[in-house]
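> Chain A is fixed; fit chain B onto it per the hints.
2 protein chains.
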Amino acid sequence: MQRSNPLGFRTFVANLGIKDGTRDFSVVASEVPCAAAGVFTRSRFAGPSVLLSREHLGDGSVRAVVTVSKNANVATGERGREDAAEVVALAAELVGCAPEEIAIGSTGVIGRRYPMDVMRAGIGKVEPAPEPDFQAVAEAIMTTDTHPKLVRATIGGATLVGVAKGVGMIEPDMATLLTYYFTDARIPAPVLDAMFRRVMDRTFNCVSVDTDTSTSDSAVILANGLAGEVDLAEFEEALHTVALDLTKQVAKDGEGATKLIEVLVDRARDEAQARTVAKAIVNSPLVKTAVHGGDPNWGRVAMAVGKCKDETDIDPDRVEIRFGSLTVYPADAPDLDALTAVMSADEVLIHVSLNTGHAQARVWGCDLSDGYVRINADYTT
Amino acid sequence: MQRSNPLGFRTFVANLGIKDGTRDFSVVASEVPCAAAGVFTRSRFAGPSVLLSREHLGDGSVRAVVTVSKNANVATGERGREDAAEVVALAAELVGCAPEEIAIGSTGVIGRRYPMDVMRAGIGKVEPAPEPDFQAVAEAIMTTDTHPKLVRATIGGATLVGVAKGVGMIEPDMATLLTYYFTDARIPAPVLDAMFRRVMDRTFNCVSVDTDTSTSDSAVILANGLAGEVDLAEFEEALHTVALDLTKQVAKDGEGATKLIEVLVDRARDEAQARTVAKAIVNSPLVKTAVHGGDPNWGRVAMAVGKCKDETDIDPDRVEIRFGSLTVYPADAPDLDALTAVMSADEVLIHVSLNTGHAQARVWGCDLSDGYVRINADYTT
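These protein sequence lines are chains A and B, in that order. Those letters in the first sequence? Residues 1 to 381, per this note's numbering, in order. Those letters in the second sequence? Residues 1 to 381, per this note's numbering, in order.
In short, the hints are calculated from the structure, not lab data. Among the clues, some could well be false.
One-sided and incomplete, this derived list gives chain B residues near chain A with beta-carbon spacing under 10 Å [unchecked claim]:
id, residue
1, ILE18
2, THR41
3, ARG44
4, GLY77
5, ILE110
6, GLY256
7, ALA272
8, PRO285
9, ASP295
10, CYS308
11, TYR372
Since the model is a prediction, treat every value here as computed from it, not as a measurement. We put the beta carbon where it would ideally sit given N, CA and C, even for glycine.
This is chain A alone, in the form it adopts within the complex (with noise of 0.2 Å):
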């Protein structure tokens, strides 16, 4: 029988009170060292969070990842960090290992400390799950999410388990994507963190719910080597599947979202310039709103294809549009009975060939719906 879970992991879960009465702290811990690779926010004013584990990743080797919810622990100025660093120490205690084998991801509210009392008292309490319990972790690590989000895969003799959280800047007063991948494939730890930066570039990185960046944004991996060596190529392929179908669950997660949308630039210069402009596509308000609306209204992606002022060498003559397979721009009479049902789908398409060139990039992103703004404005700190 296909193992479900990655040999040698332990996972705690528990609520410590941070904010209600919901699950706010989780630990997954291996009980042998691990190679690690890890992506972060680059926000001017990212986390002490994300700068300790920047600093834990920096030898290839973290054994366990500490997820707080519903405090995002920033702009909480020297006292944040000494919080983070303590919270750090009670994990490493809990776990059995050092403090420099944490890795630490925190979501929630901007601006307020870490309620130490509680978590002082409550950390060194909890228990591991008789049996790894990944779906637990996937639900501790929530915020506003509507489901926890997780993706399992096998690699010849290794397992693969990969949990993420959040939907980008989009929630209201949180911050914070999270994403964890756990294997016990051995695979050595440059290798690891090349592959796993190639990965997260074209999936993780390229998911736009809105424009906004989070102070706290999180990619780790921790790989046991307990299943021994697999094809890299083979577990690659896996990984980008999974940390895919996980984007794709982000996306179409979003606040408000009722549609995910695929933007898909080719023909284009270099990846580079597809990207721009795919990313100028996928976070304009107004083709956001026209998706979410079913229309078929390709002048604004014409529109948001033209922002990208410093792409001279994009020739509105030369660019097609499509939503779906059809054909808009270049176009003189679109079958709108067709577009129409196109753009009613759950997941809309919008391709666009700028021909100026051979190379493509594809982003994921979602519609803009008055459901965003009710819950993003209504909300009261």
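Just chain B now, kept in the frame of chain A:
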């Protein structure tokens, strides 16, 4: 008595039936040649109107500005360029000047050709107003603006009148910010050009309703010199005042907008840094929705500052954030009642000090409401 209109201009306003029965065609023409300057969209999808106006203003002189509303004539290919040239020729005949002396602005649906039959039949029949009627011009260039935008000023013996329409790229399927200035002051073309660019850069280039850039934005000034010379510093001051007033009217009239947001970023390394951060704040959907909801959620402002990733000299520990005059970061216990009062006002000032230098920038925008989404999602082409 103070003249309300500059000397030597005629105005023509009509409905040609381009889309409906509302005014859709206007011309402001000088009886004598004018020094002129223009600033236009940098969109790669800039329409034929923008391309023609840029060309005709190349020598620093046009005599008339023609505006077609309800159809932007953008992404219409070679035939669209021929149509624009023909409309300019018809307008030149109407006012009695050469086509090269005409600047043209066009706003409305993207991707549809002008209805040339009605335009050929109608333009020649348009009569000038017995007295110049700039109010009628301000109305004729509107698309979904809720009110015409016109401001006047006098500089010594000269008069300046400015009009504007549009709210960035925020209208359902419309795409244009148009703003025109007419004066009888005598100002040499090169001086006028430099002055106009300075003023536009500090006013209309600092307004942002959403992040979408129009394919047709055009700003043009005509100075026919009939009132003789004026103090240039005084004129620039007046031009700035008029343009800033129109800028704020445009921001406030944003689709679905209920509040004007002014963002002041000071103590910055240089003006470019100040503007980058200010635009990140004023364009953040989460900041815009927070302002809409009257929520003093400064964490979202910190997030927006933080997402200026490349401004590596910004140190979160040195940044100060204020709503109005109330410091919220760093601050242990901001006065929530006072904050709520500031956030509930019609105009909200977000003031950020970066403490990286001594430069500053101011930008203007509006809140994001469900009205914006409804207007842009429910509309169907």
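> Interface hint check: B:ASP295, Cβ to nearest Cβ on chain A, cutoff 10 Å. Holds or violated?
5 Å, holds
> Was the hint right that B:PRO285 lines chain A, CB cutoff 10 Å?
Because about 5 Å separates B:PRO285 from the closest Cβ in chain A, which is inside the 10 Å limit, the hint holds.
> Any CB of chain A closer than 10 Å to the CB of B:TYR372?
Cβ of B:TYR372 sits 7 Å from chain A, so the hint holds.
> Taking the closest Cβ pair, is B:THR41 under 10 Å from chain A?
8 Å, holds
> Was the hint right that B:ILE18 lines chain A, CB cutoff 10 Å?
16 Å, violated
> Just to be careful: measuring from the Cβ of B:ALA272 to every Cβ in chain A, is the smallest value less than 10 Å?
15 Å, violated
> Does B:ILE110 pass the interface check with chain A, least Cβ-Cβ distance below 10 Å?
With a closest approach of 3 Å, the B:ILE110 hint holds.
> Under 10 Å is the threshold here; is the Cβ of B:GLY256 close enough to any Cβ of chain A for the hint to stand?
9 Å, holds
> Grab the minimum C-beta distance from B:CYS308 to chain A and call the hint holds if it beats 10 Å, violated otherwise.
Nearest chain A Cβ about 6 Å off; hint holds.
> Do the numbers back the hint for B:GLY77, that is, is its least Cβ distance to chain A under 10 Å?
Holds, because the Cβ-Cβ distance from B:GLY77 to chain A comes to roughly 6 Å (cut-off 10 Å).
> Quick check on the hint: B:ARG44 CB to chain A CB, less than 10 Å?
5 Å, holds
When the structure is compared with the earlier hints, violations turn up for hints 1 and 7 and for no others.
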